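Turn these sequences into a full structure, and let the hints guide you.
2 protein chains.
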Amino acid sequence: MASNQEEEVKLFGVVPSPFVTRVDIALNLKGVQYKFVEENLGNFSDTLIKYNPVHKKVPVLVHNGKPVSESRVILEYIDETWKQNPILPSDPYKRALARFWSNFIDDKFSGALRKLASSLRAKESNQESIEELEVVFQFLENELNEKFFGGEEIGIVDITGVYIAFWFPVMQEVSGLNVFNNEKFPKLYKWSQDITNHQVVKEKLPNRETLLAYFRARYESLVASK
Amino acid sequence: MASNQEEEVKLFGVVPSPFVTRVDIALNLKGVQYKFVEENLGNFSDTLIKYNPVHKKVPVLVHNGKPVSESRVILEYIDETWKQNPILPSDPYKRALARFWSNFIDDKFSGALRKLASSLRAKESNQESIEELEVVFQFLENELNEKFFGGEEIGIVDITGVYIAFWFPVMQEVSGLNVFNNEKFPKLYKWSQDITNHQVVKEKLPNRETLLAYFRARYESLVASK
Chain A
1 MASNQEEEVK LFGVVPSPFV TRVDIALNLK GVQYKFVEEN LGNFSDTLIK YNPVHKKVPV
61 LVHNGKPVSE SRVILEYIDE TWKQNPILPS DPYKRALARF WSNFIDDKFS GALRKLASSL
121 RAKESNQESI EELEVVFQFL ENELNEKFFG GEEIGIVDIT GVYIAFWFPV MQEVSGLNVF
181 NNEKFPKLYK WSQDITNHQV VKEKLPNRET LLAYFRARYE SLVASK
Chain B
1 MASNQEEEVK LFGVVPSPFV TRVDIALNLK GVQYKFVEEN LGNFSDTLIK YNPVHKKVPV
61 LVHNGKPVSE SRVILEYIDE TWKQNPILPS DPYKRALARF WSNFIDDKFS GALRKLASSL
121 RAKESNQESI EELEVVFQFL ENELNEKFFG GEEIGIVDIT GVYIAFWFPV MQEVSGLNVF
181 NNEKFPKLYK WSQDITNHQV VKEKLPNRET LLAYFRARYE SLVASK
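Protein chains in written order, with the UniProt record's numbering: chain A, 1 to 226; chain B, 1 to 226.
Calculated directly from the structure, the hints in this document are not laboratory data. Be careful, since some hints might not be right.
Which copy is meant is left open, because identical chains are indistinguishable; a pair holds if it fits in one copy or across any two.
[What the hints assert, rightly or not] Only pairs whose alpha carbons sit at most 16 Å apart, straight line, appear in this in silico EDC-like list of lysine to aspartate or glutamate: (1) LYS66 x GLU153; (2) LYS30 x ASP79; (3) LYS94 x GLU124; (4) LYS108 x GLU141; (5) LYS66 x ASP91; (6) LYS66 x ASP106; (7) LYS56 x ASP107; (8) LYS115 x GLU183; (9) LYS50 x GLU143.
Please read these numbers as outputs of a predicted model, since none were measured by experiment.
Quick look at the structure:
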């Protein structure tokens, strides 16, 4: 308790964001006590803008008054500040691979999702983005050789990948897609079950029904646009 | 010499790439001996594709047969593998800031350049991308409080920023733009001189005339397209 009296950890976030939830999960894994400061999506507070003037985005972690932005930068900061239950491996080569695959998820998976949203908005074929998603899932399927990407314990790729494991099935349900399933990607599908049922992760996931309602509203506004 | 007999370090790259040059600079800073394997831009070798099947891009660093891709992942790998002359600070908060600004350059500066290229191709106004570039330079101008972003010694932000310091002036010269100069961004401009004249950097920069010729050809093909 002594250390908690000296430390003040705040996480500025919004509930439906997979980028915020990965920080929640990392702090939970480390056993760090923190205060979640809920921001209003689309109308961020002056405090948030002050802490992240460059991107004006959540999540922002504020540790003893000092802000850190960008979810993967925050994950590394957490791992270097609180050493217990490492998020990254200790071997430099394994660390490089973990960073590579974690970046891959944000780059290629998020990229394909953006393309999917834009094809819905433009009422164009979503074939290209679906193929991109399949390529992403196939690379990850091939890469997964243990229970988690981190081995027997969860690591940065697993935490980043919760976006795929928990958010994407909700998006699929809303949009009627069937890209990610047990038949096509059996290892990745099993992993998605294991990671979302992992105690440290489960405790920090948003309510599925709330997320469904959120994405239903977004989906309807996307297909109704123009 | 004993360690060099055990170690084999190869860098797969192309000469005009700022992403490849940052790896050259980092290896030079560390005093690591390596072999530069020149790839053919637009027609990468099977070896390169085998080493980087995900992105099919240079740079790829191959250390004792094990490939690492993506320039910023490679820089961190180099820093963790060869400890002398650190590229990242040791304090976790300063490390987070260094990662943040290094990502910022690749995200916002590269993003604005892509937009600039696409407006040239479409023969549309480049006003928006120029404003984005100015915002990028202003943030960096405000952030620069010592000789280098890394302090008195160069660090990851400086190495990443060579893209701005050396490549952008060449691009400006080719396209007739005047966005980055001593009047508007005096600290950043001085930094651009200091970093390109730093011995470790200077030794690894491509020939300016070659780069000019390369970008002149690219510029002409962009404005001639359609």
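Checklist entry - Which earlier hints turn out false for this structure, listed by number in ascending order? => result Per hint list: 1, 3, 6, 8 violated.
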